[in-house]
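Produce the entire structure from the sequences given, and follow the hints as far as they go.
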Amino acid sequence: MSAPTLSLRPAALLERLLPAILPLLVMGILLFFSLSAPGFLSVGNLSSLVLNNFVLLAVVAIGMTWAVAAGGIDLSVGTALDFASLGFVVSLNAGHGLGVAILVALAAGGGAGLFNALLIAGLRITPFLATLGTLFIGTSVQQLLSDGGQPIYIAQAVLPGISGLLLLGIPLPLYLVAALAGAYGLVLARTRLGREIQAVGAQPQLAYYSGLSPRRILARVFVGSALACAVAGILLSSTVNAYVPMSGNAFLINAIGAVFMGTTLSRQGRPNVLGTLLGVLFINVIANGLLLIGWNFYWQQVATGSLIFLVLAASFYRRRTP
Amino acid sequence: MSSLETLARPATEPANNLLPRLAQRGSLLVFGLILLVFAMTAPNFLSAGNIANVFAQSAILGILAFGLTCVVIGGGNHVVSGGLDLSLAANLGLCAAVYSSLNNQGCEAWQALSLTLACGVLVGAFNGLAVLLLGLPPLLATLASMNLVAGLELVLTQNSVLPTESALLASLAFGYWLGVPALAWVLLAVAALLTLLIQHSAFGLRLYAVGEYPEAARAAGLGLRRYVFSSYLIAGACAAVAALCSAAFFSGSTTGSGEMLLSVVAITFLGVVFSRRLTANIPGTLLATLLLGFLINGFQLLNISSFWVNGVQGVLILLVVAFSAAVAKQEGHA
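So the protein sequences, as listed, match chains A and B.
For the first sequence, our numbering begins at 83 and goes up steadily by one.
For the second sequence, our numbering begins at 64 and goes up steadily by one.
Bear in mind the hints are in silico, worked out from the structure with no lab data behind them.
As the structure is a prediction and not an experimental result, all values here were calculated from the model.
Treat the hints loosely; a few may be bogus.
Beta-carbon label-pair distances, calculated as ranges [claimed, not checked]: (1) Leu-96/B to Leu-288/A: 53 to 63 Å; (2) Ala-102/A to Ala-188/B: 27 to 37 Å; (3) Asn-222/B to Tyr-235/A: 18 to 28 Å.
Quick look at which bits of chain B chain A covers, simulated, 3 or more residues with Cβ under 8 Å [to be verified]: (4) 198-205; (5) 323-334; (6) 364-376; (7) 383-390.
Think of the CB as a built atom: it goes at the ideal place given N, C-alpha and C, for glycine as much as any other residue.
Here you go:
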């Protein structure tokens, strides 16, 4: 890279190369699959890759970036997503307009975040356990409301059709991802709230002694994370035209993985939205490409798991060496 | 946060603080109260057969939670940087699949058994190495290995159920001794063994020291890595034993074992409240497991929808954790 002097110590070399690993890997696999996988670059495949996989995981992971930056983890992303999806579908079916449905969905998803915020800021519960509790309660509520997990379909007459809209030839959900990534990324990197979030994440005790209220900042972070998940819920239910109970949990593990892979992009190893998006792209492209070159679905899981493990290991190996 | 100050207080000082004692007694009281309510309202709740059944049905979750308890003790209870093993449930799935396929291929009973144990311990060793050698936070290391192990299980089973039967599984599933099902004995035996090892041996004391105050443990000359590593090995072995119970219970390997993960985490952190010092411990985990088992059982006997179980579990966790947070705050100010 642009290293002025090339150090021969492997640890130091790794440290200089680290920020480049993830972008190079993503470019590498994109190149590899476009050469080796028939149909990888076809419009049909790319649009399904983007709309069905990338967009949803990206939106959830953008919210998760905030949670991880603040030193916590949001296990209840699925709950916020599902609640939003439920609110969206129910209010559409009740005959309300699209605008009302979106507002209801944001309120329902944000409500889950508000519940987390109350637990964290009011009752001093750590984010991990607070969101774990929310996840359990959310599962129960959904089971009771949906008779154990029956999907609710959107009536034919009121199909929202958001995810199919094209603006200048680009699907609307991609604009949404860009807008959310810009907003969450800018707040995290450039504003006072962002700096406070990072301070709380890096040194909670020090942040407290400097006059910040970590619990109040955490409360905002978890409402923000839930709102992003609510957007994902709206997108999901307008793609599949239904509310499918407990479908949000599928994004949890990959969102956490993407955020931590993204930390390799920053010299200090901090969560950042751009890195998160690259991590999401990495996870999705690998899964899609391996499927296209005819790998067994089950080996795909092993391969994806190993690659994520390697990236994480490389990133933390540097941080461990003093 | 304030745990440093809490830990810095002399540990020998008898706990004359009201709140922690109330926490321990209070949670036992709640446990007793729940039992009492079910005993009075649910038919047959107190029959010996029903109680034995609850013990047997709790075996799988309980043994997994014992494994997680050991890891949390050795790694400290900070959830992101402390000890955590998210791969336990996936490890169970893989071990059950390994046992079923070995047994179906006609391996000797002892071969299948020892290879299954080896598989569990190997996954534990992998986690330990990832945490200690690569310096990954346990949350991430075990998250990644969970994905890997779940993938391997899929490769082995092709995402289907592998039915199997052997003398061992039959005796586990249908055996009785002194009128108590074999699975209940396994749960109690593992609990007794780990209680001896963790709560009453030099090894256990040092494991607590390593987890709660690594700097002091290092200064006292303990090899931290050995203890943390062995806690992951114990967790792996627990997953293998739980896998045998699960294979006996379902007559083979099943899909979707990963769904147990969050319940295991919840049970382990619930168990914390049954200890005087509010730390993870084996008897507390056993009590929490049984509490959950009795709850589910009571709901079934009363014909209450099982959809409530998750919610009650969630509320319990939040109550318990909020209470211990309040206690920790009070101690910090004292």
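Ala-102/A and Ala-188/B, beta-carbon distance inside 27 to 37 Å? Holds - the Cβ-Cβ distance for Ala-102/A and Ala-188/B, about 32 Å, lies within 27 to 37 Å.
Can the suggested window of 53 to 63 Å be confirmed for the beta-carbon pair Leu-96/B and Leu-288/A? violated (43 Å)
Verdict for Asn-222/B, Tyr-235/A (Cβ pair) under range 18 to 28 Å: The hint (18 to 28 Å, Cβ to Cβ) holds, given that Asn-222/B and Tyr-235/A are roughly 27 Å apart.
Check, residue by residue, whether the stretch 323-334 of chain B contains three or more positions whose beta-carbon lies closer than 8 Å to a beta-carbon of chain A, and give the verdict. holds (count 4)
Coverage of the stretch 364-376 of chain B by chain A (three or more Cβ within 8 Å): holds (count 8)
Are there at least three residues in the stretch 198-205 of chain B whose beta carbon sits under 8 Å from a beta carbon of chain A? Per the Cβ count (6), the hint holds.
Taking 8 Å as the C-beta cutoff, is the stated coverage of the stretch 383-390 of chain B by chain A satisfied by three or more residues? Our answer is that it holds, as 4 residues pass the Cβ test (under 8 Å) against chain A, meeting three.
The structure is inconsistent with hint 1 alone, although it conforms to all the rest.
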